[in-house]
Amino acid sequence: MKLSSSHSTKLSVVAALALLLSLGTGFQASWIYGKAIAAQILLQHAWRQSLANKTPHKPWSWADMSTVARIDIPHIKRTLIVLSDASGEAMAFGPGLAAGDVQLPAQSTIAIGGHRDTHLAFLEHLPIGAIINLENTAGDFIRYELLDKTVVDTRTQEMRVAQNQPGLVLITCYPFSARQTGGPLRLVARARMLPS
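For what it's worth, this note's numbering labels the leading residue of the sequence shown as 1, then goes sequentially.
Just so you know, these hints were derived from the structure itself, not from any lab. Note that CB positions come from ideal geometry on N, CA and C, so glycine has one too. Treat the hints loosely; a few may be bogus.
To be verified - Keeping only pairs whose Cα atoms sit at most 30 Å apart, straight-line, the calculated DSS-like set for lysine-lysine is:
#	residue 1	residue 2
1	Lys54	Lys77
2	Lys149	Lys77
3	Lys58	Lys77
Stated by the list, open to error - Here are the simulated distance ranges between beta carbons:
#	residue 1	residue 2	range
4	Ser177	Glu89	36 to 42 Å
5	Pro175	Phe141	30 to 36 Å
6	Ser61	Arg179	35 to 41 Å
7	Asp117	Pro195	19 to 25 Å
8	Arg155	Gly88	17 to 23 Å
9	His45	Gly88	20 to 26 Å
10	Ala52	Glu124	14 to 20 Å
11	Asn164	Ile76	26 to 32 Å
12	Ala178	Asn133	26 to 32 Å
13	Lys77	Pro175	38 to 44 Å
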């Protein structure tokens with residue numbers, strides 16, 4: 001079958017557009033991946049500055065968040081820098097502080113939020129009894145033991161964090177396999193402070 005020149009030209013244009021689209025998609029994926037790697041390097045550097053100066057530091061000059069703590073989960077050999085903000089923009093780079101005072105962990109429950117498909121994805125398989133370590137900018141190490149994991153429906157239940165007792169709460173969207181972001185369900189993982 002012979003194609004007319006107009007059909008041939010249309011196919012060439014469609015093929016060129018498809019090639020450009022695939023190149024653009026590949027570039028975008030590479031750009032996002034590259035930004036994620038660069039952000040982690042900058043977060044680690046800011047965290048070292050935070051420890052050295054005992055005060056939160058911004059990972060880059062225009063950032064509207066700073067590094068306030070680091071959590072370490074020995075069971076899965078994972079370490080995460082905790083940011084001062086739990087907004088969607090900040091949580092693109094790491095988990096964020098939603099409530100509590102990381103400088104006074106014995107006096108309040110610290111709540112940390114993060115995305116279920118990135119930074120807090122480990123919660124899906126973290127067993128009850130697992131140890132979670134938190135380090136604040138003063139260099140204090142606080143150990144927590146995971147007590148339970150509960151699913152909360154924000155349409156019918158309130159998520160309350162105790163303000164006057166020591167503890168750690170990690171919050172992420174649920175279910176982990178959901179294709180859409182957001183939604184009303186949250187996984188709330190509670191941990192108790194262990195004696196030092």
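Each hint tested on the structure:
{"no.": "1", "hint": "Lys54 <-> Lys77", "verdict": "holds, 25 Å"}
{"no.": "2", "hint": "Lys149 <-> Lys77", "verdict": "holds, 20 Å"}
{"no.": "3", "hint": "Lys58 <-> Lys77", "verdict": "holds, 25 Å"}
{"no.": "4", "hint": "Ser177 <-> Glu89: 36 to 42 Å", "verdict": "violated, 25 Å"}
{"no.": "5", "hint": "Pro175 <-> Phe141: 30 to 36 Å", "verdict": "holds, 33 Å"}
{"no.": "6", "hint": "Ser61 <-> Arg179: 35 to 41 Å", "verdict": "holds, 36 Å"}
{"no.": "7", "hint": "Asp117 <-> Pro195: 19 to 25 Å", "verdict": "violated, 35 Å"}
{"no.": "8", "hint": "Arg155 <-> Gly88: 17 to 23 Å", "verdict": "holds, 20 Å"}
{"no.": "9", "hint": "His45 <-> Gly88: 20 to 26 Å", "verdict": "holds, 23 Å"}
{"no.": "10", "hint": "Ala52 <-> Glu124: 14 to 20 Å", "verdict": "violated, 35 Å"}
{"no.": "11", "hint": "Asn164 <-> Ile76: 26 to 32 Å", "verdict": "holds, 31 Å"}
{"no.": "12", "hint": "Ala178 <-> Asn133: 26 to 32 Å", "verdict": "holds, 29 Å"}
{"no.": "13", "hint": "Lys77 <-> Pro175: 38 to 44 Å", "verdict": "violated, 25 Å"}
Checked against the numbered hints given earlier, this structure breaks hints 4, 7, 10 and 13; the rest are met.
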